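Participant: Each chain, letter by letter, is given below.
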Amino acid sequence: MANYDATSTNRSKRSVRIFSDLNLNFTRNPATKDVAKLYDIEAVKRSVRNLINTNEGERPFQPTLGSGIRALLFENMTPIIETLLKDRIAETINVYEPRALLTSILVQGDIDRNEYLCTISFRVVNTTADPVTITEFLQRLR
Amino acid sequence: MATTSKLDISELDFTSVKANLKRFLSNQDEFKDYDFEGSGMAVLLDLLAYNTHYLAYNANVMGNEMFIDTADLRNSIVSHAKTLGYTPNSPRAPVADINVVVNNATGATLTCSAGTQFMTTVDGVSYNFVTIGDTVISPVDGVYTFSNLKIYEGTYITYTYTVDTTDIDQRFLIPSANADTDTLVVTVQNSSTDTITSTYTLATGITSLTDTSKVYFLQEAEDGQFEIYFGDGVTGKKLDDENIISLSYVVSNKEAANGASSFTLSGMIGGFGQVAITTNSNAANGAESESNESIKFNAPKSYAAQDRAVTIDDYKAKVKELYANTQSVSAWGGEDHSTPYYGRVYISIYPKTGSNLTTSTKNSIVTTLKNYSIGSVTPVIVDPEVTYILLTSNVRYKEAATTKAATTLKSEITDALTTYNTTTLQQFDNMLRYSKVLDTIDDVDTNAILSNITTLKLRKSFTPALSTSTKYTISFSNALYNPHSEHNKSAGGILSSTGFKIDGDTTNIYYVNDDGSGNVRLYYLVGSVKTYTNNTQGTIDYSTGDIVLNSLNVSSIENIRGEASTVVELTVTPSSNDIVPVRNQVLSIDVANSSITVEADTFEGGASGAGIGYTTTTSY
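If you're matching them up, the sequences are chains A and B in order.
Numbering of the first sequence is given in numbering that gives the first Met the number 0, commencing with residue 0 and proceeding in unit increments.
Numbering of the second sequence is given in numbering that gives the first Met the number 0, commencing with residue 0 and proceeding in unit increments.
Misleading hints may appear alongside valid ones.
[What the hints assert, rightly or not] Output of the computed footprint for chain B on chain A, the stretches with three or more beta carbons under 8 Å from beta carbons of chain B: (1) 17-26; (2) 69-81; (3) 84-97; (4) 105-114.
Hints were generated in silico from the structure; no laboratory data involved.
Every value quoted in this text rests on a predicted model; they were computed, and no experiment measured them.
Where a beta carbon is used, it is the ideal one built from N, C-alpha and C, also for glycine.
Isolated chain A, as found in the complex (with noise of 0.2 Å):
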């Protein structure tokens, strides 16, 4: 998936950090010649787009991990869907990132692009910092 983060401008101000991962895009650290890592918001940022971006039963022998949003992207653009999309987000966030405290979900069907703005409003646990917010645009594929 394509790295929308703004990298360098989310880092916690803390000392340690708290969060460490393995940047999937495995793009190399000019500096070190290592392979890329994300750290504290940027970390569960990216946590947090992965989960949204799983599908149910895409992982192996965890069959309800997941949002399962691909199939509601095919349905009719309504507000219904809109509210389900929204619940669903919120259920994937609350049960598998405790790293972030959701403060808000908003989706805005765009229906000239055939697409929903999703925009993603959430705490990190544990740091100072003010809330993150995620925007996505799903966009159905197929």
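Please build the complex by placing chain B on the supplied structure of chain A, with the hints as guidance.
Facilitator: Showing chain B alone in chain A's frame:
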């Protein structure tokens, strides 16, 4: 990156492998997000754990396939059997024995060539029967008769291979999974220019083989097909380049045409088509190829027998190998026979399909068995004796606990008993355990069925020699119910029979019962009153279950359950509710003639009628 740590590798399932990887990662601080399912680390851990689990599963399956006890794939089981020197049975074509008289034939001899076709119909489906060898006869008093012609159901196929010794991968497969290898005839022609042809026979051992022995070996190959291979020039004659191998065999529909009894010629015999066909024995012995379970059972036993029949188990294994239509075999030494007969081994075969074995089949098995048995021991095949068990069951059920009607419950109980009968009984050595029968009935609907009171009786039959004074011995081989002398004397003891007429009296229908003191009495009915004509017609031994009818001269047999019969049935009450089959006995519940009564129970806790006017069924 991660620091080194001990990794537990004994776990094989996904969750344990993943937990181990997480424990491993907990010893480093480079990556910390492995515990959060949305993280990139979790995705990688899932992949690693899945891969490990996959390989572990593969290793487990491979481990299973390495042993005959646990192998599941046909090819693995066959391969294990091969190392034990055991060749599974191929499918068997039904075989019938017929006489054919050709009416319009001429000439000094007449040949019925291999592949001559006959037609028959079983259950509305036409089947083709063929001969598998040339039979030449000469007329006797101008009549051309093919006697005891063996015909096999299926299509007669001839398949040829040309030997190419430069092709190291060349194999000689019989290209059909339904080929009957018993019908296989292998001939080898020297080459396309040298037409000298030799017939090769199946090698059954290697001790007598030389470098010139014209033999082939048989083994099951992939996908149920069979493969033949030849000697290496030391053990059996080796094939040469350009040899033409011809395989002739029958591809059959297995057991579908068993029982076919009427045949017509399809085509000609030696150019003549006017024939009269009589059937000596109906088509029988058609069978599926040997099942995986059967191979697992038989291969080690066959190996233990070392191609010899010495112990009782050797005979059991050998008979199953020789006669594919065997469901169950019982064997016992002559010293254990009811009347000891030393120097004999008795064998009883319960066939998968059809009734008792024909005399020619029995003779054929005995002749083959003699090749393996000790010189002084004679194998004797006796028919299995089926002892039928008649149940009388009174079942009470709670009406409020089910939506089923009594008739539905009854039919479900009948089905359950039928299944119990097929799966648990109908084999030699399988006894009827009373409590299991009760459980079978109760388990039909554990919520609704409250209780069942079930009693049982045993039934056997004998075939009287009509209008001949004969002694009959019927052995139930189980103790019979006789709590005290003269038990139930006035009502007829514990023995009853179906009707028959005796010589010299064409009016009355006779029956037998016992007096509770060891005597069998002959009587006829006047109205409902028994008129005894012989109080010592025979004896009944309550401890051994033997019933002897002395000098009984039966002139005709009455119908049984509305149908003409050739047998007289005797029914007795056993002493124990657990019934043991002995020697050639097989137990079978006669579900169709058992009495099952299902009624709603009135003594239901809390019901208004509880405790008032309640009756139970007698247990005796």
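Participant: Now look at each hint and say whether the structure bears it out.
Facilitator: Hints, verified against the model:
1. With a threshold of 8 Å between beta carbons, the proposed coverage of the stretch 17-26 of chain A by chain B holds, since 7 of its residues qualify and at least three are required.
2. Against chain B, the stretch 69-81 of chain A contributes 0 residues with a C-beta closer than 8 Å to a partner C-beta. That does not satisfy the three-residue criterion, and the hint is violated.
3. Coverage of the stretch 84-97 of chain A by chain B holds [criterion: at least 3 residues with CB-CB distance below 8 Å; count 3].
4. Coverage of the stretch 105-114 of chain A by chain B is violated. Counting CB-CB distances below 8 Å, 0 residues qualify, and the rule asks for three or more.
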